[in-house]
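K.L.:
These are the residues of each chain, in order.
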Amino acid sequence: MAASTNIATTYGLRLAAPLAIFYAAFFLAPLLILFYVSLHVDPEMTRFGFTQYAKFLFDPFSLAVLGHTMWIGVEVTLLCLVLGLPLAWLYVRAPSWAQSTLMLVILLPLLTSVVVRTFSWIVILGRQGIVNTTLASLGLIDAPLKLLYTEAGMVVALAQVQMPLMVLPLITALSKLDPSLLDASSALGAGEWRTFRKVILPLTLPGIVAGCLLTYAAAITAFITQTLVGGGQMLFMPMYIYQQATTLSNWPFAAAISIIFLGAVLVALSLFSLLGRLSKGYAHA
Amino acid sequence: MTPDRRHFLTSALALGALHAFPGISVAQAHRLVFATFTGSWEEAHRDVLVPAFRKANNDAEITLDPMLSVDQIAKVKASLANPPIDVMLHDPGPALQAIDQGLIENFPIAQSAHYKDLIADAQLETGPAPFFQVVGITYNPEKIKTPPTSWADIWKPEFKGRVGITNLNSTLGTGWLVEIARMRGGDENNVDAAFKAIEELKPNLAAVAANPGALATLYQQGQIDIGPGNFNAIQILKARGVPVEFVAPKEGAIAFQTSIHIVKNSPNKELAAKLIDAALSPEVQAKLMESPYLIVPTNTKVKMSGEIAKVLAKDHDDMKKKFVFQNWRKINQQRAGWIEKFNRDIKL
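These protein sequence lines map, in sequence, to chains P and H. Residue numbers are given in the working numbering: position 155 of the first sequence equals residue 156, and the series is strictly consecutive. Residue numbers are given in the working numbering: position 59 of the second sequence equals residue 86, and the series is strictly consecutive.
Isolated chain P (complex conformation) (with noise of 0.2 angstroms):
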């Protein structure tokens, strides 16, 4: 048995091979580039030395960035979540015509240029946008409001820009619900509140996880978004390593701001997965 198991191991390590050269020539390798460049202690890159760790990890500004930038990811992914949800499960519940034009707003968003949904951000939140012109022909405000270049504003285009990676992995999870478990909970008597709480959502907790991955890892990073939607003066973390690495040349605080950001989101990532792992006990209690 152990002969065999050996087998399949060796040949499922060397299928794998090609990805993992690729990954080692094209992620490994520039990733221990971009630390050795973070090991520099001037722009110059003469002298080795942690001094660009130390800049970034003692300047309550720069904390604050990366502070301000993870929690801006949390929001996103809880509009992501709240948002998403009843449109995953609208779908799961949907007549199989429904279902495929669904699907077709669902991923309509990846079908187009992040930078295309950005600057339709701009023309619904402007001054002139949608959103103002309609509060101002309902006679609800008397001047337009000041929506874009606002972090609330930033954040539902991030969420609206990122809404297919939360929805995508929820209607994977909702589909594999058995429908006979819900009529079951209410069959003994739960409300539908509580067959939401104790049935739908553990069971398709680890749906929501990965979603809430997704979304995190990609509102956080989304340079593009938080530029045009956030503006200059809000500064997240791809900003600001753009602006020292290219405005200013400092690559070493670049790299280190960088690895700095990296490491930051995998421990969120992992948080996100523990409480995952976590939760699947809660799903057979």
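Keep in mind that the hints were calculated from the coordinates and are not lab data. Don't take each hint at face value.
Partial pick of chain H residues on the chain P-facing surface, computed with a CB cut under 8 angstroms [as the list claims (entries may be wrong)]:
| id | residue |
| --- | --- |
| 1 | Asn196 |
| 2 | Ala234 |
| 3 | Ala237 |
| 4 | Pro239 |
| 5 | Ala241 |
| 6 | Gln250 |
| 7 | Ile373 |
Glycine included, each C-beta is placed from N, C-alpha and C at the ideal position.
Use these hints to put chain H onto chain P, whose structure you have.
P.N.:
Okay, now just chain H, sitting in the frame of chain P:
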């Protein structure tokens, strides 16, 4: 996913690789490569400069490889012994970086037919300026009936929530900061007055855009009605029917030299010098001054006409009086500090 991030990564990679494997490059001959800027610059150079150069030089082969200044520098730096680019185009800030890092070759002035005709501010031996970029006040004439005349007008209370600026990532934003410092008694060495002025501008500020392109979009959306703007960017908007006008403020319009350089160790030095000479020639500059390019000429033999004569300067003497040039060597030395201060202090 985002072009900027990709650009950044290739740049970082190039530098990293350079340090990890010195001497990796092998010399080889190639056709002349001119790294212009993307967008309207590429168009102008493809349509006017390249045909003129080829006509004058026996149909010599040339490739346009449009990219940002920072990428040009990264690519040349990564392979200095055998640069993939022969001619670079830069704003004043990056130009000094390229010069300081020893990436460029001085322009052979003696062999140039047109260098002597350039106005003094364009005569740079490290690489002359065939074009100027100009920053003045942009406004929406549908909303603002009395055209502004001074940078100080932006602070008027009537423009509450109507002003847009960019942050200091761009040449535009940084140049504007220095000019505002000058208006308030400071200069390149002392921009504290400008930061104080921006603090006072906050009630008027509707937006701090991340780059000049994003700023231009905001006029289109009616998000802002007045602010500093690049003459050429505004002309492009205007041609698309956006209600915007450009005025040179009475303090003078901020002018930047867009300089063109021969890359060190280029195997095509002679052709590179000829391409630069073509860019300096009155024929090419006169054509580029016309619509839709509207690029400000630096050759005094070019007679100003059209929109440029109307809005900016009627001849090169007028230009000397109306344009303000800044000391980018001093600016570069302090820019990191200014950007840090801007990051920290300018919150809306």
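K.L.:
So, against the hints stated earlier in the document, which numbers end up violated here?
P.N.:
Hint 4 is the one this structure does not satisfy, whereas the remaining hints hold.
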